[in-house]
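The residues making up each chain are set out below.
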Amino acid sequence: MALLELNNVTKHFEVRQGVLQKLQRQPVSLIKAVQSVNLTLGENEVLGIAGESGCGKSTTCLMIAGMLQPSAGEIHFSGKRVDQLLASEQAWYRRQVQMIFQDPYESLNPRFRVLETVAEGPRALKLWPEKEILERSVDMLSSVGLPPAKYAERYPHELSGGERQRVGIASALVMEPRMVVADEPLSMLDVSIRAGILDLLKDLASKRHFSCVYVSHDLSILGHIADRLMIMYLGQAVEMGPTWEVIRNPQHPYTRALINAVPVPDPRVIRPVPTIRGEVSRPINPPPGCRFSPRCPHATTVCQQAFLQLQPDENKPHQTACVRLEELSQTNQLAEASP
Amino acid sequence: MPTSELPQTSAWRRILGEHYRIIMGNRLSAVGFVFIVLFLVVAIFAPWLAPHDPWEMLYDQEGEFASLRPPSWEFPMGTTHLGYDLFSQLILATRTTLLIGAISGGISILIGANIGLIAGYYGGKTDEVLMRFTDVLYGMPFLPFIIVLISLFGRELEFVILAIVLIIWRTSARVIRAQTISIKQRQFIAAARARGCSHLRIIYRHILPNVLPLLLLYAAFNIAWSIITEASASFLGFGDGETISWGGMLYELWLSGKTRVAWWWFTAPSLCIVLLVTSLVFVSRAYEEVANPRLRKR
Amino acid sequence: MTGERLLQVQDLTVRYQTQMGEIHAVSGVTFFVNKNEVFGIAGESGCGKSTLIRALMRLLPDNAKMSAQSIEYEGEELTRLSEAKFREKILWARMSLVPQSAMNSLNPVYRVGDQVVEAIRAPKNVTKSEAREPVTQLFDIVGLQPDLMKNFPHEFSGGMRQRAMIAMSLALDPGLVVMDEPTTGLDVLVQERILRRIREIRSQISSSIILITHDIAVIAEMSDRIAVMYGGQIMEQAPANDLFDTPCHPYTLGLKNAFPSIRNLQQKLISIPGSPPTLLGAPSSCPFLERCPFCVQQCSQRNPENITIQPLHEVRCVRHGEAPLLREKASEKETWRSLN
Ligand SMILES: Nc1ncnc2c1ncn2[C@@H]1O[C@H](COP(=O)(O)OP(=O)(O)OP(=O)(O)O)[C@@H](O)[C@H]1O
Ligand SMILES: Nc1ncnc2c1ncn2[C@@H]1O[C@H](COP(=O)(O)OP(=O)(O)OP(=O)(O)O)[C@@H](O)[C@H]1O
Ligand SMILES: [Mg+2]
Ligand SMILES: [Mg+2]
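Residue numbers (my numbering), protein chains in the order written: chain A, 1 to 339; chain B, 1 to 298; chain C, 1 to 340.
Among the hints, a few may not be true.
[As the list claims (entries may be wrong)] The list that follows gives simulated cross-link-like pairs (lysine-lysine, DSBU-like), each with its CA atoms no further than 35 Å apart:
#, chain 1, residue 1, chain 2, residue 2
1, C, K85, C, K124
2, C, K150, C, K124
3, C, K128, B, K184
4, B, K184, C, K150
5, B, K184, A, K126
6, A, K131, B, K184
7, C, K35, C, K85
8, B, K184, A, K150
9, B, K125, A, K126
10, A, K150, C, K333
11, C, K256, A, K150
12, C, K65, A, K150
Simulated from the structure, these hints should not be mistaken for laboratory data.
So here's chain A without its partners, still in its complex pose (with noise of 0.2 Å):
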């Protein structure tokens, strides 16, 4: 069975509303931040999401850590639902599941040293006695590079980014957790330092059983680690399947924009423009069907009003939220927008 199971997860946020439009009593419109999203992660399996910006990745790592109510649908994890968690199980919970966040500038507390961020947890959730707790944690500064001799008793103001973010995720990572949410954990890093991280979770993953959810924008990175991919769109997740395949042969077609857009570390490369027209709104008040549709060089009257919706099927990893897709395959338009 998966260990993490969504189903059916929805996320809406209110718009906010002037005073006069308070007054005229005009009706609230909803930001659907997330809509209906649908994925499991097996044990020992890296999920990676990547997605335009703005598109409900931190809102479902959000929801996913218990941080944020969803607004219908369910998460469930090894078997319990997360999102009604009694109070007696919420330390239960937060030992299994541990999230990065997507700000290092934003999550250290700017009055707790170095060392004292990473020990925060385990000491609140009282892991391992005091002196176990120093050691532990001080072997995990070590391990994502942060020599504790050097950065143990230094505030999060006279570090730099990556150095933050190393300090986030450390002080993830020292409980030993069997899930880690990490939204954008390496952004602020350079590849020699994320190769070592990258080692890191997967010796933890040898040595216990370990799971982990991977946002990141950068499709390159993700398809370095994760073992399966979900891109999403506005909130709705519109091509999910194993790593390789997503990236190889791209289906839908906001995918293929996507991967044509990577920068490639050659100044003599040009990559071909994105046949993708107009840019990102917010998913407020969304047509009911695909949500790329305004853009999509291949849009009909049909998409407006239609879509698929990915469900997790062991005999079909790899899936496309398109309805037209067996059209355009046969007709052999994809080609045209493909690398």
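With chain A's structure known, arrange chains B and C with the ligands on it following the hints.
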């Protein structure tokens, strides 16, 4: 790597060092700090420093009754109409005044901070109830309230302190609540929750250090206010008659009816009040710069 | 691209005072930026990139000490300018910054739109409604809907906040925009769009960009010239094509190896072994020494000086003469493994 390889500095030394830097970083606050320390020393050693009993009728070297003497070598701050030595009175009054200031300032900030933190953090009903309660206190006029309280309970020192505390904590509670609300929304609090910290742990370990500069600022304010309040109450005759305070000295002057003659009697205690309160304000200004970065030099 | 000089920095050094001693976060950095040029600075985490630009913008924290021989901007010597003058005349109006902490540089209690409007209104002395028009355009450039101006920062996603900051930095048409990791947290499409728009703007009004990132791919696409930083120093500096075709410094070679490319997923990444230098104390040897597979005795004796091997191509390495050989060896995994 063993933990022993970490750089070892004691937590206390670090914290003290930090505060030392805040205070000494600014000339005015450094001066204020020196004065506060001076007053403290005087208060602690008052019985040994005072040359005479404050209520001893004194005679000068020629054997004459020393009534209403201006400052001289013999009586550095002059004497009262009853021949009491004002210098000794002032020294002992320092002790009372500082005691009242420290205790009522301390207790009021303790109450104010806790109420502010809890109301701000939990929000909702808790906040509503606590803040309405504070609002009610806000409706009370300051001095009349004190006077009524003291005349109800009596003029003992404890009740004077109690009355001051009751009226003073409200401002600090409000300010700390506002600060708590803004810190509560920061992501590191969400991060602390994600790590599994309990609510109380978040309040006292994660939020408190972040409101600390503000809290110290208001602690200094509260002490200054208590001193002023006590002086005003004593001056109006609502002080503890048994002990002597700066305000009480002024009250005696008023009673004696010698206000126009005995300028020295008036000067010394008033100067002390002004000096101590300003020193506290200067020191708190230094904290204000830490608490409110916008005040910092741009 | 031989434009006029816009900015010329000579021998910039920044040290942080800490309990453990002095951290030499930037030592002896010399570079220039031409008009209408994108100058990229790449380097690993903690190598001093943000410190360098914070020194340039005079936004260093209190425990930092900075010294420079000269910093010349549009012919004006900035080191002689007082702090107040600099803020009044240069900052934002002629030189603006998208900080690395862009995501939380917005004031949480004001609406985002108002903050950008204020950024335009105050120095230009225009009314609020006059300032609203250009702000709408700016929001458009960075791909944010104008109706988002009414929202508060916490209602933005990370990338949206970052884009709002980018909009703010472009508000006053500054001659130089410094962007510290502008695209972390932005997906490729938005990144692409912003970078394209910046290039467009650049061709209309002449404005230069200093682009700081650890992402070699972004730098490669965007920059005209690139500087590679390591341990507080610029190790190699060259036009983009030269740097990718004929890199000379072992660190640049290692960096190129370690970068994942989406075009080549099977490629095993070769990472540089070891960890970055501590930066405590002034550099007395090559900072890359411990991690360099090609180091020789000379490297530990002194800090190698900057050598111009071609016009515009400068390297700090004693073995710069053997570059072709090093390049060949560096692409083999064995070379890097032999160290640990
Ligand atoms: N508290 C909130 N109130 C209102 N709207 C919100 C709130 N939080 C998020 N949103 C909106 O929900 C949408 C999704 O936001 P989210 O933070 O999940 O995006 P994201 O995928 O993480 O983007 P990024 O890559 O830029 O971080 C955005 O349009 C955002 O404006
Ligand atoms: N206020 C400070 N006090 C002491 N040391 C500091 C301070 N700020 C930064 N440092 C140290 O100086 C070095 C350079 O920091 P800087 O922020 O310039 O790095 P960076 O190149 O921007 O890294 P990143 O890519 O991770 O943001 C780091 O080792 C950091 O720990
Ligand atoms: Mg996000
Ligand atoms: Mg930086």
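- Looking at the structure, which of the earlier hints fail to hold? Every hint satisfied by this model.
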